[in-house]
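*Asks:* Protein chains in written order, with the numbering used here: chain A, 1 to 113; chain B, 1001 to 1112.
Hint data in this document are derived by calculation from the structure and do not stem from the laboratory.
For every residue, glycine included, the Cβ atom is placed at its ideal position computed from N, Cα and C.
One or more of the hints may lead you astray.
Unchecked claim - If you want a taste of the chain A side facing chain B, the calculated C-beta under 8 Å gives, among others:
(1) P8
(2) R41
(3) I49
(4) H57
(5) L61
(6) A81
(7) A85
(8) F88
(9) N98
(10) Y99
(11) T102
(12) F103
(13) K105
To be verified - Sample of chain B residues facing chain A (criterion: CB under 7 Å; computed from the structure):
(14) Y1048
(15) Q1050
(16) D1056
(17) L1060
(18) P1061
(19) D1063
(20) F1065
(21) P1096
(22) A1101
(23) F1103
(24) G1104
Said to hold, decoys possible - Here are the simulated lysine-lysine pairs, BS3-like style, with alpha carbons at most 25 Å apart:
(25) A/K105 - A/K70
(26) B/K1017 - A/K105
(27) A/K100 - B/K1057
(28) B/K1057 - A/K26
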Amino acid sequence: SQQGEEDPQALSIQEGENATMNCSYKTSINNLQWYRQNSGRGLVHLILIRSNEREKHSGRLRVTLDTSKKSSSLLITASRAADTASYFCATVDSGGSNYKLTFGKGTLLTVNP
Amino acid sequence: GAGVSQSPSNKVTEKGKDVELRCDPISGHTALYWYRQRLGQGLEFLIYFQGNSAPDKSGLPSDRFSAERTGESVSTLTIQRTQQEDSAVYLCASSPYYNEAFFGQGTRLTVV
């Protein structure tokens, strides 16, 4: 079953613009992670934000987490053509020792040169 | 090794045959995951191993699917009597406890 749901499903922007993707989830979480996937193969981890954190930065990436709304957003600033990829959020439920990582359906980002 | 290794990279099999997919995780990673991804879709959770605990098999779609892992090393995903709907990319990932997951490049399975 899917935990995170990304929005929008697809996003097309021009190089240099900012891209914002959103993720909603259903349960209490230990942490939320964002991944990127090129060409339908292996995923690359971008950033992890824990449930007691509200915002995190990594280079041109900014992630926010609102646990009261059960939502997160990923902002990519000054986008480049190389940022074209699918982006997924993934959650780890809180409590217990089960660290199952559950992914959403993803947002397909196209950055046009 | 430098990362998670999956083999084979591609597999074409005839309907009804059994296939075995292999995953070599990063040394020391206690958690190992298998996911299935159909074309243009998200990642469908299949199974999760955590150390010596009983695996979470809640995502396996049918009893034709099974997976094993010996300790914190290699894992194999076996699909018996393959069907055309099993065609997909099968992704393996490993993780240190409560941290980011590292993915292999996947095995593209085509059932003809």
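*Asks:* Now, for every hint given, state plainly whether the structure supports it.
*Replies:* Hint check results:
For A/P8, the interface hint is violated, since its Cβ never comes within 8 Å of a Cβ in chain B; the closest pair sits about 14 Å apart. The criterion of a C-beta within 8 Å of any C-beta in chain B is met by A/R41, whose closest approach is roughly 5 Å, and the hint holds. The criterion of a C-beta within 8 Å of any C-beta in chain B is not met by A/I49, whose closest approach is roughly 11 Å, and the hint is violated. Hint status for A/H57 relative to chain B: violated, with the closest Cβ pair at about 16 Å, above 8 Å.
Given hint, A/L61 at the interface with chain B, is violated; its Cβ is 14 Å from that chain's nearest Cβ, farther than 8 Å. With 8 Å as the threshold, the beta carbon of A/A81 stays out of range of chain B, its nearest partner Cβ sitting at about 21 Å, so the hint is violated. The beta carbon of A/A85 is not positioned within 8 Å of any beta carbon in chain B (closest approach about 14 Å), and the interface hint is therefore violated. Given the 8 Å rule on beta carbons, the hint for A/F88 holds: about 7 Å separates it from the nearest Cβ of chain B.
Among the interface hints, the one on A/N98 holds; its C-beta lies about 6 Å from the nearest C-beta in chain B, closer than the 8 Å criterion. This hint holds: A/Y99 has a C-beta 6 Å from the nearest C-beta of chain B, less than the 8 Å allowed. At about 6 Å, the closest approach between the beta carbon of A/T102 and any beta carbon in chain B falls short of 8 Å, and the interface hint on this residue holds. For A/F103, the shortest C-beta to C-beta distance to chain B is roughly 4 Å, which falls under 8 Å, so the interface hint holds.
A hinted interface residue such as A/K105 counts as satisfied when its beta carbon comes closer than 8 Å to some beta carbon of chain B; here the least separation is about 4 Å, so the hint holds. Residue-level restraint check for B/Y1048 holds (minimum Cβ-Cβ distance to chain A is 5 Å; threshold 7 Å). Because the beta carbon of B/Q1050 sits about 6 Å from the nearest beta carbon in chain A, less than 7 Å, this interface hint is met. A least Cβ separation of about 6 Å between B/D1056 and chain A falls short of the 7 Å threshold, and the interface hint therefore holds.
With 7 Å as the threshold, the beta carbon of B/L1060 stays out of range of chain A, its nearest partner Cβ sitting at about 13 Å, so the hint is violated. At a threshold of 7 Å, the smallest CB-CB gap from B/P1061 to chain A is about 12 Å, leaving the interface hint violated. With its C-beta approaching chain A no nearer than about 19 Å, B/D1063 sits outside the 7 Å limit, and its interface hint is violated. A least Cβ separation of about 16 Å between B/F1065 and chain A goes past the 7 Å threshold, and the interface hint is therefore violated.
The interface hint given for B/P1096 is broken, as the beta carbon of that residue sits about 10 Å from the closest beta carbon of chain A, more than 7 Å. At about 6 Å, the closest approach between the beta carbon of B/A1101 and any beta carbon in chain A falls short of 7 Å, and the interface hint on this residue holds. Of the supplied interface hints, the one on B/F1103 holds, with its beta-carbon coming within about 4 Å of a beta-carbon of chain A, less than 7 Å. Given the 7 Å rule on beta carbons, the hint for B/G1104 holds: about 6 Å separates it from the nearest Cβ of chain A.
Between A/K105 and A/K70 the CA atoms are separated by roughly 16 Å; this keeps the pair inside 25 Å, and the hint holds. Proximity of B/K1017 to A/K105 is assessed by CA-CA distance (about 30 Å); at most 25 Å being required, the pair is judged violated. Between A/K100 and B/K1057 the CA atoms are separated by roughly 11 Å; this keeps the pair inside 25 Å, and the hint holds. Between the alpha carbons of B/K1057 and A/K26 the distance comes to roughly 21 Å, so the proposed pair stays at or under 25 Å and holds.
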